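Read top to bottom, the protein sequences are chains Z and Y.
Every number in the working numbering is 19 more than the matching position in the first sequence, counting from 1.
Every number in the working numbering is 19 more than the matching position in the second sequence, counting from 1.
It should be emphasised that the hints constitute simulated quantities derived from the structure, not laboratory data.
Model, not experiment: these values are computed from the prediction.
Glycine included, C-beta positions come from ideal geometry on N, C-alpha and C.
Please note: incorrect hints may appear among the correct ones.
Footprint (simulated), chain Y over chain Z, 3 or more residues, beta carbon under 8 Å [to be verified]:
id	segment
1	52 to 59
2	88 to 94
3	97 to 110
4	309 to 318
Short, incomplete list of chain Z residues facing chain Y, as computed with Cβ under 10 Å [claimed, not checked]:
id	residue
5	Ser133
6	His134
7	Leu347
Each chain, letter by letter, is given below.
There are 2 protein chains.
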Amino acid sequence: MFKILNNDKNTGARSAELFTKTNSIETPVFMPIGTLGTVKSVSPFELYDEGFKIILSNTYHLFLRPGIDVIEKFGSLRNFINYKGSILTDSGGFQIFSLAKFAKPNGDGVEFMSHIDGNRHFFTPEKVIKLQETFDSDIMMPLDIFSGPEASRSKAHSDLSITISWAKRSLEARTKKENLLFLITQGNFFEDLRINCAAALADLDADGYAIGGLAVGEDKEIMFKMLNCSISKLPELKPRYLMGVGTPEDILNAIGCGVDMFDCVLPTRNARNGFAFTAKGNLNIKNAIYRDDTEPIDAECLCFCCSNFSKAYVRHAFMSREIFSQRLLTIHNLHFYEKMILNTRKAIKEGYFESYKNKFIKLRKTGEEHNENITQFL
Amino acid sequence: MFKILNNDKNTGARSAELFTKTNSIETPVFMPIGTLGTVKSVSPFELYDEGFKIILSNTYHLFLRPGIDVIEKFGSLRNFINYKGSILTDSGGFQIFSLAKFAKPNGDGVEFMSHIDGNRHFFTPEKVIKLQETFDSDIMMPLDIFSGPEASRSKAHSDLSITISWAKRSLEARTKKENLLFLITQGNFFEDLRINCAAALADLDADGYAIGGLAVGEDKEIMFKMLNCSISKLPELKPRYLMGVGTPEDILNAIGCGVDMFDCVLPTRNARNGFAFTAKGNLNIKNAIYRDDTEPIDAECLCFCCSNFSKAYVRHAFMSREIFSQRLLTIHNLHFYEKMILNTRKAIKEGYFESYKNKFIKLRKTGEEHNENITQFL
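The following block holds chain Z by itself, in its conformation from the complex (with noise of 0.2 Å):
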């Protein structure tokens, strides 16, 4: 299910495959979101071409809308919106928490008001299973309790305590081994937790690991010491998925702690507010310099948008509030994840993981070009 092929030795990085009921996935692996079913303002071709082999969705959103009889008339989720490749779903856990309103937490689930309509629903860490072995998900995440990043130390403490019991639960309540099951460890920005939570579910046989709970707005240095220590308890040949990372760089320094896979925002809901990124730092559109500028957002980025495209004619697209510029913008800023993540793979494989990940940190850092390697980076 998971297999290893290169481990880092300087750092924790490593390569590897990991097999869902529908594909093969390389790790490390970046997964776009399509909360609803869509990564927003591109095809599900596009982005099967672009590399992308599996994305994720969102039980919680799916649930309202289309609405779970409406998936299950088509047979899976995958069918219902044409995708060739894998689809993991979250559990909604961590937006009932966030969006729903007057989330109510007992032993047995969690009430909740739905934020389009105001409707109250009940989830169980069974339901949840449910709805995702509905869809037919080829990676399903339990349902857990997001505490929030203010939470206090016996507030996070009992959380976790449902957290766990929750995740025992959604494991007992599969029915099907080919929908992969992953556990979400949390325990807020307290180590002991971190580590308790970490060791508690790494005893149950999940299909993969997920560490939830961070990059909700608190510092680098705590975020990477949270992480190390949900992962120092996680079992090595097991898949490690950081949910929600991030930038470029937090995603590469996360791959150097060990972890495969990562889900995040930022490259199309940046690309929808006019921010591209590239090689040498991060590039606003609607910036006036650009008004007249007849070369590419990246000369030397191979992607659609700027194998076609000028940065004035994206920049006017986008002031004009043309969709095709968000669509054009959310190609750059994927094709670039992608490439990034494509080099990660190798550098691994060749063994230069570390010498990669400053270079390309420190050429985004500088925005100088840097001559020698610049290739490698692109």
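Knowing the structure of chain Z, use the given hints to seat chain Y on it.
Just chain Y, lined up with the frame of chain Z:
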């Protein structure tokens, strides 16, 4: 420059070939609207591959955004937007008199305030030609006065005199033969004004003739009466372009009157509002009956949307405000228009245009499946 291939025996319909500096265009032709250089949500490559060899842009809008100096730096509007086909640029006369504020025409030109920032500008016929030569437009349109649907006969008459004098000045102002120049016939809803204007402009050596000021809220009967008045005095051997029209039915009827070229926001704007055109009538994807409909919008349509996605998915994406749904519906509607035009050309060529037109209109009206000849309409 314009070569008539077939004249229909029973109606005024004809098929022809129009040669621009960029390519040759079969007529009748429907031109999608890319006001600011982009046909909303779709790429210029998708557009061209869908069969659209000419699109429309707008001089007024492009003058304001991104500004003429930007496009000049690219050598042409074609280069700026990276479209392989021809571009017809409307002069912006209509926009100045409907969208901009405080349009004040005098004998020399028209002063107006930008609808974006309120800045004052002054357009003369000569300036508008110069702008379009800078765009390197395949087909240029002269500055004209749109009097509005409520104009009195005396106002319509005096505006018309200015429009005709501006047409002459536009012809004199052009410096290059290869940028074709069409003239715009006006005359509001007054038969004699329509006839006199068309006759006056027909005497000038233009590359083609547009019929303007129609489809602005008047009854269909009046629209077609005015259209026929204008056409009655236009030269047989030059292309005729009915501006801003229209529904599939209006287009087919106008082709029967001898119109060769059309543009309209309907297929693209309606798409963005959730409406899809089909051979059996129009469809509102927001309708709850499509919530779990596993069939495509049109089972016999071969467009990207209908080949890959169900009504339930398109509805879900639309209701969730996914911009990808607007793209899917835009592609579907443009495909519907293009298919109708392709079938129309074939029907003119093979001598059954009138029967095609009548059956097409009847099928859309009744919304019932007519088994005989059904493939002809799809």
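Hints and how they fare:
no. : hint       : result
1   : 52 to 59   : holds (count 4)
2   : 88 to 94   : holds (count 4)
3   : 97 to 110  : holds (count 3)
4   : 309 to 318 : holds (count 3)
5   : Ser133     : 13 Å, violated
6   : His134     : 13 Å, violated
7   : Leu347     : 8 Å, holds
In this structure, the earlier hints numbered 5 and 6 are contradicted, and the remaining ones agree with it.
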